[in-house]
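Colleague: Sequence:
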Amino acid sequence: MLDIKIIEKLKKASAKRSPDFLESLINQFLSHSQSLVNEIKNAHQEDELLQMSKAAHKLKGSAGCFGASKLSLLSEKIENHCANHNKAQIDLLINQLEQCYLNTHEQLLIEFTTKT
Numbered sequence: 005m006l007d008i009k010i011i012e013k014l015k016k017a018s019a020k021r022s023p024d025f026l027e028s029l030i031n032q033f034l035s036h037s038q039s040l041v042n043e044i045k046n047a048h049q050e051d052e053l054l055q056m057s058k059a060a061h062k063l064k065g066s067a068g069c070f071g072a073s074k075l076s077l078l079s080e081k082i083e084n085h086c087a088n089h090n091k092a093q094i095d096l097l098i099n100q101l102e103q104c105y106l107n108t109h110e111q112l113l114i115e116f117t118t119k120t
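When the letters of the sequence shown are read in order and numbered with the numbering used here, they come out as residues 5 to 120.
Simulated from the structure, these hints should not be mistaken for laboratory data. Just so it is clear, CB atoms sit at the ideal spot from N, CA and C, and this is done for glycine as well. Do not rely on the hints blindly, as some may be mistaken.
[As the list claims (entries may be wrong)] For lysine-lysine, the following BS3-like pairs were computed, each having C-alpha atoms within a straight-line distance of at most 27 Å:
1. K20 <-> K9
2. K91 <-> K62
3. K13 <-> K45
4. K58 <-> K45
5. K45 <-> K74
6. K45 <-> K20
7. K13 <-> K62
8. K58 <-> K91
9. K81 <-> K9
10. K91 <-> K81
11. K13 <-> K91
12. K13 <-> K74
[Stated by the list, open to error] Pairwise CB distance ranges (calculated):
13. K15 <-> N46: 17 to 27 Å
14. E102 <-> L54: 34 to 44 Å
15. N90 <-> K9: 42 to 52 Å
With the sequences and hints as input, model every part of the structure.
Modeller: Encoded structure:
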């Protein structure tokens, strides 16, 4: 679900900063990615393949930067199936994307929230 190498790089890169810095970045990513997941779902409901593809492309990149490898991969698959107009596969992937986002959200919070 998470790419440990990227997670460790993020932690190392932010080690000299305030502990709240990385937590803030993670929270911004989670908020932005939730918006993108919603955008993908809405575009899917409206049968807007181009809009869905664009949102999936954005999510693919940002998820990859934060080590959310499975979320990035699912986004890439949605993007590719949009380009191929493969609506049956998109239907299956949308459900997987929602669940993956929830799991990723939980794992990132566990990994990056300040332990008191």
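Colleague: Check the structure against each numbered hint from earlier and tell me which ones fail, lowest number first.
Modeller: 3, 6, 11, 13, 14, 15
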